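There are 2 protein chains.
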Amino acid sequence: MTSRIRIIQYGLGPIGAAIARLIAAKPGAELVGAIDIDPAKVGKDLGRLIGLDNELGVRVSDNAQEVLSREAEIVVHTTSSYLGKVKDQLIGCLNAGHNVVSTCEELSYPFRKYPELSQELNRHAVDNSVTLHGTGVNPGFVMDKLALTLSSVCQQVHGVRITRVVNASLRRLPLQKKVGAGMTEAEFKAEVSAGRIKHHGLPESAGLIADGMGLTVSDITESIEPVLAIDPVVTDHLKVEPGQVAGVRQVCRGTDNGKERIYLELRMYVGAPDPADTIHIDGVPGLSLTIPGGTHGDLATAAAVVNSIALVVKAEPGLKTVADIPVRFHASF
Amino acid sequence: MTSRIRIIQYGLGPIGAAIARLIAAKPGAELVGAIDIDPAKVGKDLGRLIGLDNELGVRVSDNAQEVLSREAEIVVHTTSSYLGKVKDQLIGCLNAGHNVVSTCEELSYPFRKYPELSQELNRHAVDNSVTLHGTGVNPGFVMDKLALTLSSVCQQVHGVRITRVVNASLRRLPLQKKVGAGMTEAEFKAEVSAGRIKHHGLPESAGLIADGMGLTVSDITESIEPVLAIDPVVTDHLKVEPGQVAGVRQVCRGTDNGKERIYLELRMYVGAPDPADTIHIDGVPGLSLTIPGGTHGDLATAAAVVNSIALVVKAEPGLKTVADIPVRFHASF
Numbered sequence: 001m002t003s004r005i006r007i008i009q010y011g012l013g014p015i016g017a018a019i020a021r022l023i024a025a026k027p028g029a030e031l032v033g034a035i036d037i038d039p040a041k042v043g044k045d046l047g048r049l050i051g052l053d054n055e056l057g058v059r060v061s062d063n064a065q066e067v068l069s070r071e072a073e074i075v076v077h078t079t080s081s082y083l084g085k086v087k088d089q090l091i092g093c094l095n096a097g098h099n100v101v102s103t104c105e106e107l108s109y110p111f112r113k114y115p116e117l118s119q120e121l122n123r124h125a126v127d128n129s130v131t132l133h134g135t136g137v138n139p140g141f142v143m144d145k146l147a148l149t150l151s152s153v154c155q156q157v158h159g160v161r162i163t164r165v166v167n168a169s170l171r172r173l174p175l176q177k178k179v180g181a182g183m184t185e186a187e188f189k190a191e192v193s194a195g196r197i198k199h200h201g202l203p204e205s206a207g208l209i210a211d212g213m214g215l216t217v218s219d220i221t222e223s224i225e226p227v228l229a230i231d232p233v234v235t236d237h238l239k240v241e242p243g244q245v246a247g248v249r250q251v252c253r254g255t256d257n258g259k260e261r262i263y264l265e266l267r268m269y270v271g272a273p274d275p276a277d278t279i280h281i282d283g284v285p286g287l288s289l290t291i292p293g294g295t296h297g298d299l300a301t302a303a304a305v306v307n308s309i310a311l312v313v314k315a316e317p318g319l320k321t322v323a324d325i326p327v328r329f330h331a332s333f
Numbered sequence: 001m002t003s004r005i006r007i008i009q010y011g012l013g014p015i016g017a018a019i020a021r022l023i024a025a026k027p028g029a030e031l032v033g034a035i036d037i038d039p040a041k042v043g044k045d046l047g048r049l050i051g052l053d054n055e056l057g058v059r060v061s062d063n064a065q066e067v068l069s070r071e072a073e074i075v076v077h078t079t080s081s082y083l084g085k086v087k088d089q090l091i092g093c094l095n096a097g098h099n100v101v102s103t104c105e106e107l108s109y110p111f112r113k114y115p116e117l118s119q120e121l122n123r124h125a126v127d128n129s130v131t132l133h134g135t136g137v138n139p140g141f142v143m144d145k146l147a148l149t150l151s152s153v154c155q156q157v158h159g160v161r162i163t164r165v166v167n168a169s170l171r172r173l174p175l176q177k178k179v180g181a182g183m184t185e186a187e188f189k190a191e192v193s194a195g196r197i198k199h200h201g202l203p204e205s206a207g208l209i210a211d212g213m214g215l216t217v218s219d220i221t222e223s224i225e226p227v228l229a230i231d232p233v234v235t236d237h238l239k240v241e242p243g244q245v246a247g248v249r250q251v252c253r254g255t256d257n258g259k260e261r262i263y264l265e266l267r268m269y270v271g272a273p274d275p276a277d278t279i280h281i282d283g284v285p286g287l288s289l290t291i292p293g294g295t296h297g298d299l300a301t302a303a304a305v306v307n308s309i310a311l312v313v314k315a316e317p318g319l320k321t322v323a324d325i326p327v328r329f330h331a332s333f
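Going down the list, the protein sequences come from chains A and B.
Heads up: the first sequence runs through residues 1 to 333, numbered per this note's numbering.
Heads up: the second sequence runs through residues 1 to 333, numbered per this note's numbering.
Do not rely on the hints blindly, as some may be mistaken.
Copies of the same chain look alike in the list, so a pair counts if it works inside one copy or between any two.
Within a straight-line C-alpha distance of at most 20 Å, the following computed EDC-like cross-link-like pairs (lysine to aspartate or glutamate) qualify [to be verified]:
no., residue 1, residue 2
1, LYS314, GLU30
2, LYS314, ASP324
3, LYS85, ASP38
4, LYS26, ASP282
5, LYS41, GLU66
6, LYS26, ASP45
7, LYS314, ASP211
8, LYS26, ASP211
9, LYS314, GLU55
10, LYS314, GLU71
11, LYS178, ASP236
12, LYS44, GLU187
Note that these hints are calculated values from the structure, not bench results.
Treat the numbers as computed from the prediction; the structure is a model and nothing was measured.
Work the whole structure out from these sequences, hints included.
Now the structure itself:
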């Protein structure tokens, strides 16, 4: 790569800022624009805002259209988990002629939940000769890309089971609160009903595995339950009494006429004793894979996005998933 | 995929036959030709030769040129580990207008060892608008593709260590003999010197990791030593006394001015207590991954090749590695 890849950062929440910091350290990349609607961020130098010692000479703007009119190869998009909410943002990027990589969980595999919108997004990408791609650690890696890659040495696959156990004790307070740590069971259920306790992306991973491996999966369902503390749990940020909620257990099943083919389980709770990512493939040969300790959520999400940039830039035009992109780290890009 | 992929099988040793059996069971594939020079195989029906109950209506031929003149999308090539030996075979396939996937270990990443030949092969592929690809389980998966995929969630990578331990007790007699089981140390060393005890592909995997991840690796070296039995080992096929050779330990190192960046170790011996494939990435975040029991060599190699077929057919023209191909299982293809 002789010239640097020019990048616009769209969204400067914690993940967007972490991504921008990582990009700023890459010799093969150049940040040429930054978009956020937060008045506290608009007008600030991007370098200062994300905690660098130096300015980057790029001011955060809330004028997406102006920033997107700049010359760039790709937009890194980190604003929301919901595809319906970000649809117009994404189309704006594509119509400005930019490739896009996004952390929007519903974009990672939108074909089952949003078949028409998927076609529309694909058409915008193809018409503009650019690529649109959603990725991250989960969805994007643990429960889809890694399982797909493992399956490449299987002669037959009958089913896939993936468990991700995250010890929320080691994570930031917002994450501990987000999984319901310290709530009563009733409070937890109210938060689930309100849609405020929910990890996004499991059905997307199930769809990606099913369609990527050619497994017949007619139904994808999801459930969210509390994990209750048996013993007291004390973290740096809070204390959970026995009987209170320690966190969340979310299960997604992909079935074929009632027969389970895909089982995805995410447990995120304070005091989880053996955090790990585990994949089992029931097939020929049967295979298991474990990442002891698990893949670090925040670090890995930023890495997955940044590592995909050069690959997305050179990918074929269209709406592409991690099943289409041969992911890997690259030191300079 | 509406029409079936037409495939020519080039080479019908144990791996070629296993691949042909797997292809014969795929609804999306059709075997249209079979090439082997063994007089005991020539003229036989391919289905009978590979142990199917039915004939396939394809006779094994030693006339490569005639078979390659048939209409087909891809040649599956399984004749030798040495790129120099198979170069003309591969060029013949490419010039006949066929994509090629090969188990030739030296083809998996030939750019470092054979820079000029790599360019020549790439040129033939591009000129004929087809793809040339080498894969398998090792090289092709354990020590390269899986590590590259794991690295996609790393922000930094400082080094990679991979260990593959295979319990040869559970494998066929030819493999047990191939690793030197039952030999004296002197006999083993003579076999190593004669080039008859050697697993091919470790330097190729090291090069693929280094260049794929953008790690500076100036030298790649390899060593082969015996693993000596401490206790007696009895397999279904042979007995190894204490002090005799149980198998082989092969180590490949990729260094940057003496500093080790890549360490690949393959131990294949009878009585190996804990077979497993293990990858450690020294980076941010640091990550480990284990496949307990290890990836089954024979099953996985055939699977890796067959699973790559549809992806190689639609890949961009040229000489492509597993770093370029987004591998996965697919039920129908």
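Intra- versus inter-copy proximity for GLU66 and LYS41 (alpha-carbon distance at most 20 Å)
within (17 Å within a copy, 69 Å between copies)
With 20 Å as the alpha-carbon cut-off, assign the pair LYS314 and ASP211 to within, between, both or neither.
The answer is between: 17 Å across copies meets 20 Å, while 24 Å in one copy does not.
Between copies, within a copy, both or neither: which fits LYS314 and GLU30 at Cα up to 20 Å?
within (17 Å within a copy, 32 Å between copies)
Up to 20 Å between alpha-carbons, please classify LYS26 paired with ASP45: within, between, both or neither.
within (19 Å within a copy, 57 Å between copies)
Have a look at LYS85 and ASP38 and pick one of within, between, both or neither, based on CA distance no larger than 20 Å.
within (17 Å within a copy, 64 Å between copies)
I want to check one pair: LYS26 and ASP282. Are their C-alpha atoms no more than 20 Å apart within a copy, between two copies, both, or neither?
The answer is between: 19 Å across copies meets 20 Å, while 40 Å in one copy does not.
Check LYS314 against GLU71 for me: Cα-Cα at most 20 Å, and say if that holds within a copy, between copies, both or neither.
Answer is within; shortest intra-copy Cα gap is 17 Å, inter-copy 31 Å.
At most 20 Å between alpha carbons: which applies to LYS178 and ASP236, within, between, both or neither?
within (16 Å within a copy, 56 Å between copies)
Alpha-carbon proximity context of LYS314 and ASP324, limit 20 Å:
Answer is both; intra-copy 12 Å and inter-copy 11 Å each pass.
Intra- versus inter-copy proximity for GLU187 and LYS44 (alpha-carbon distance at most 20 Å):
Close neither inside one copy (39 Å) nor across copies (72 Å); limit 20 Å.
How do LYS26 and ASP211 come out at 20 Å by Cα distance, when the copy is not named: within, between, both, or neither?
between (35 Å within a copy, 17 Å between copies)
For the identical chains here, do LYS314 and GLU55 meet the 20 Å Cα criterion within one copy, between copies, both, or neither?
neither (29 Å within a copy, 45 Å between copies)
Of the numbered hints listed earlier, those contradicted by the structure are 9 and 12.
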